[in-house]
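Engineer: Listed below are the residues making up each chain.
There are 2 protein chains.
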Amino acid sequence: MAEAFQPFSRVALIGIGLIGSSLAHNMKAHGLAQHIAITTRRAETLKRAEALDLGDSYHLEAADAVAGADLVILCVPVGSVGAVTKEIAASLAPGAIVSDVGSVKASVVKAMQPHLPENVHFVPAHPIAGTEQSGPDAGFLELFERRWCILTPVEGSDETAVERLKAFWTACGSDVEVMSAEHHDLVLAIVSHVPHLIAYNIVGTAADLEKVTESEVVKFSASGFRDFTRIAASDPTMWRDVFLNNREAVLEMLGRFSEDLASLQRAIRWGDGDSLFELFSRTRKIRREIIEAGQDTASPDFGRGPKHEVKQEG
Amino acid sequence: MAEAFQPFSRVALIGIGLIGSSLAHNMKAHGLAQHIAITTRRAETLKRAEALDLGDSYHLEAADAVAGADLVILCVPVGSVGAVTKEIAASLAPGAIVSDVGSVKASVVKAMQPHLPENVHFVPAHPIAGTEQSGPDAGFLELFERRWCILTPVEGSDETAVERLKAFWTACGSDVEVMSAEHHDLVLAIVSHVPHLIAYNIVGTAADLEKVTESEVVKFSASGFRDFTRIAASDPTMWRDVFLNNREAVLEMLGRFSEDLASLQRAIRWGDGDSLFELFSRTRKIRREIIEAGQDTASPDFGRGPKHEVKQEG
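For the protein sequence lines, the chains are E and F, in the order given. FYI, full-length UniProt numbering numbers position 108 of the first sequence as 108, with every residue one higher than the one before it. FYI, full-length UniProt numbering numbers position 151 of the second sequence as 151, with every residue one higher than the one before it.
Because the hints were derived from the structure by calculation, they are not lab data. Being a predicted model, the structure only gives us computed values, none of them experimental. Note that the Cβ used here is the ideal one computed from N, Cα and C, for glycine as well. Where hints are given, some of them may not hold.
[As the list claims (entries may be wrong)] Rough simulated footprint, nothing fancy, chain F against chain E, three-plus residues with beta-carbon under 8 angstroms:
| hint | segment |
| --- | --- |
| 1 | 88–95 |
| 2 | 105–113 |
| 3 | 196–206 |
| 4 | 213–226 |
| 5 | 232–239 |
| 6 | 243–256 |
| 7 | 280–294 |
[Unchecked claim] Derived pair list, reagent style BS3-like, types lysine-lysine, alpha-carbon separation capped at 25 angstroms:
| hint | chain 1 | residue 1 | chain 2 | residue 2 |
| --- | --- | --- | --- | --- |
| 8 | E | Lys28 | E | Lys211 |
| 9 | F | Lys211 | E | Lys110 |
| 10 | F | Lys86 | F | Lys110 |
| 11 | E | Lys285 | F | Lys211 |
| 12 | E | Lys47 | E | Lys110 |
| 13 | E | Lys285 | F | Lys219 |
| 14 | E | Lys47 | E | Lys28 |
| 15 | E | Lys86 | E | Lys110 |
| 16 | F | Lys219 | E | Lys166 |
| 17 | F | Lys110 | F | Lys47 |
| 18 | F | Lys28 | F | Lys166 |
| 19 | E | Lys219 | F | Lys166 |
| 20 | F | Lys285 | E | Lys211 |
| 21 | F | Lys110 | E | Lys211 |
| 22 | F | Lys47 | F | Lys28 |
| 23 | E | Lys219 | F | Lys285 |
One chain only, chain E, in its complex shape (with noise of 0.2 angstroms):
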């Protein structure tokens, strides 16, 4: 994909963590930069970046790495994108693209927009990938592929920076998608944020039990709760920012989510099977669609990992 790619001159990582990293090695693989410019506010990880050769240049100044860029990605977690946004703005060329990667697309673009001027391009991007792990030393190259990665052009955006987002993503293996930044965040919020919302809730929960001590959750948890922990091993910072950041879609996910569980709950205390039968029923098909769209395989994982290929589908 990247032969046909004409790269940019310069692009501006500002924030080197998991996805600004994955972002670095796929420039650096597949020549979409002639030169990398990496700004964090943290000179530890500054360090640690240029250590790793992420990038060309290293900047302590988020202006310093913006000057000359012809793309610019703000990879810093949500909460932070409007005073960055507002430390750059005075510095960036003319006719630059600035996307980000935030997880929520409505208030990015409330944040970032009264600040930029009038003569660059605004495309804001989510790509739909990460680990539990964060910081320089977690990204690599194959983050992006095969993962989706949702552009949300506001209103006048021009057509081709959008175009040219697109063959960026794309060349890092991305699928690219674009749709409203209102509807992204609906989205998001039934397929990520609430999942993670409750499984750091349930982590919670049992941390907190006197009648099972913390020990016997973490001894016997292979049997479902473990993979909630993984969930629940996401970085914090990030994920305060979503939550606070998507509150409304959130909020209204949410209490679809409980009203809910709270029919599960009467049918488990009144003994209706038949409901409970029924919803286990339904959820298998979802599981159906989700391995034949290619986005999971039908591995057994629970116990141990990917050792065992699947026979059948039970």
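With chain E's structure known, arrange chain F on it following the hints.
Structural biologist: Same frame as chain E, but now just chain F:
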């Protein structure tokens, strides 16, 4: 381990799903039984077990399988153990060990014990191992490897019988733990039953939305939701029975979960980032403990499975 094990002369497996067939593989591989008698209600399933060469004799009548057996293991859904026990009671050999593999224990004891003759040894068991697959084809040798098996002997259980069953499960690769049926049910409610219920619930909620289509949910599932669908693809009959039979403990844990979730919901509504951050940091610690306890690896898994080794903990 199996070298030191004195094989049973005849083991009757009642039910030949994932657990039953995995036990058959283990008994054959490690020489734990001189004769494996398999019984299941559905002729088709029994035929399949025979085609897979899982046992030495095959019976449509459970009573025929248990005749002369010195170990009888019920591998049927928890809701059926009472009826099955009633059916086999008269055919049980004096001195036989009678056990099961159910995910709940107090209700199993309550359902089975009244039917059992005085001269057999009743030792309920729960191997905490499984995949979301079911049926005789789903079984494999390593299912119990390094997984916990919890024995919940009843009052007056014969020590020798408990030790013998412990050795049997150890030979299958399990780590064995002994506790009361009641405590088992509380522990499992929080580490397994409530997580499953929540996973079923959110997959159901997602399927019922109007503003986000099911195909969007499937498409973008890799962002967290996907892990829930795997859990929510577990066997509907087994799980219906689990919830109906561990009602009290599940409702207790669910009550706490909902209380905690309401408080998180409030934190989001009022923009209380500190409370969110505090919880999200605390849950990370539990994840580390699970990795240290060898119940999971630190490999990142979001996105595409086990291909990428982690370089460091974030």
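Engineer: Now tell me if each hint is right for this structure.
Structural biologist: Taking the hints in turn, this is what the structure says about them:
Here the segment 88–95 of chain E counts 0 residues with a CB under 8 angstroms from a CB of chain F, which misses the bar of 3, and the coverage is violated. With a cut-off of 8 angstroms between beta carbons, the segment 105–113 of chain E has 0 residues touching chain F; three or more are needed, and the interface restraint is violated. Taking a C-beta to C-beta cut-off of 8 angstroms, the segment 196–206 of chain E contributes 11 residues in contact with chain F, enough for the three needed, and the coverage statement holds. Beta-carbon proximity to chain F at under 8 angstroms applies to 12 residues in the segment 213–226 of chain E; the threshold of 3 is reached and the given coverage holds.
Given a C-beta distance limit of less than 8 angstroms, the hint that chain F covers the segment 232–239 of chain E holds, as 7 residues qualify and 3 suffice. Only residues whose beta carbon comes within less than 8 angstroms of a beta carbon in chain F count, and the segment 243–256 of chain E has 8; three or more means the coverage holds. Residues of the segment 280–294 of chain E with a Cβ under 8 angstroms from some Cβ of chain F number 11, which satisfies the need for three, so the listed coverage holds. Under the criterion of a C-alpha separation no larger than 25 angstroms, the hint pairing Lys28(E) with Lys211(E) is inconsistent with the structure, at around 53 angstroms.
Restraint check: the Cα-Cα separation between Lys211(F) and Lys110(E) comes to about 22 angstroms, which is no more than 25 angstroms; the hinted pair holds. Note on Lys86(F) and Lys110(F): the hinted pairing holds, with a Cα-Cα distance of about 13 angstroms set against a maximum of 25 angstroms. Between Lys285(E) and Lys211(F), the direct Cα distance comes to roughly 20 angstroms. Compliance with the 25 angstroms bound is thereby established for this hinted pair. Simply put, Lys47(E) and Lys110(E) have alpha-carbon atoms about 32 angstroms apart, too far for the 25 angstroms limit, and the pair is violated.
Restraint check for Lys285(E) and Lys219(F): the C-alpha separation of about 14 angstroms stays at or below 25 angstroms, so the hint holds. Under the criterion of a C-alpha separation no larger than 25 angstroms, the hint pairing Lys47(E) with Lys28(E) is consistent with the structure, at around 19 angstroms. For the given pair, Lys86(E) sits about 13 angstroms from Lys110(E) by alpha-carbon distance, which is consistent with the 25 angstroms threshold. Between the alpha carbons of Lys219(F) and Lys166(E) the distance comes to roughly 18 angstroms, so the proposed pair stays at or under 25 angstroms and holds.
The suggested pairing of Lys110(F) with Lys47(F) is violated, with an alpha-carbon distance near 32 angstroms, which exceeds 25 angstroms. Proximity of Lys28(F) to Lys166(F) is assessed by CA-CA distance (about 18 angstroms); at most 25 angstroms being required, the pair is judged to hold. In summary, the hint linking Lys219(E) to Lys166(F) is supported, as the alpha carbons are separated by about 18 angstroms, within the 25 angstroms threshold. Simply put, Lys285(F) and Lys211(E) have alpha-carbon atoms about 20 angstroms apart, close enough for the 25 angstroms limit, and the pair holds.
Taken as a hint, the Lys110(F) and Lys211(E) pair is honoured in the structure, with Cα atoms around 22 angstroms apart against an allowance of 25 angstroms. Only pairs whose Cα atoms come within 25 angstroms are accepted, and Lys47(F) paired with Lys28(F) is accepted, the gap being roughly 19 angstroms. Restraint check: the Cα-Cα separation between Lys219(E) and Lys285(F) comes to about 14 angstroms, which is no more than 25 angstroms; the hinted pair holds.
Violated hints, listed in ascending order, are 1, 2, 8, 12, 17; each of the other numbered hints is respected by the structure.
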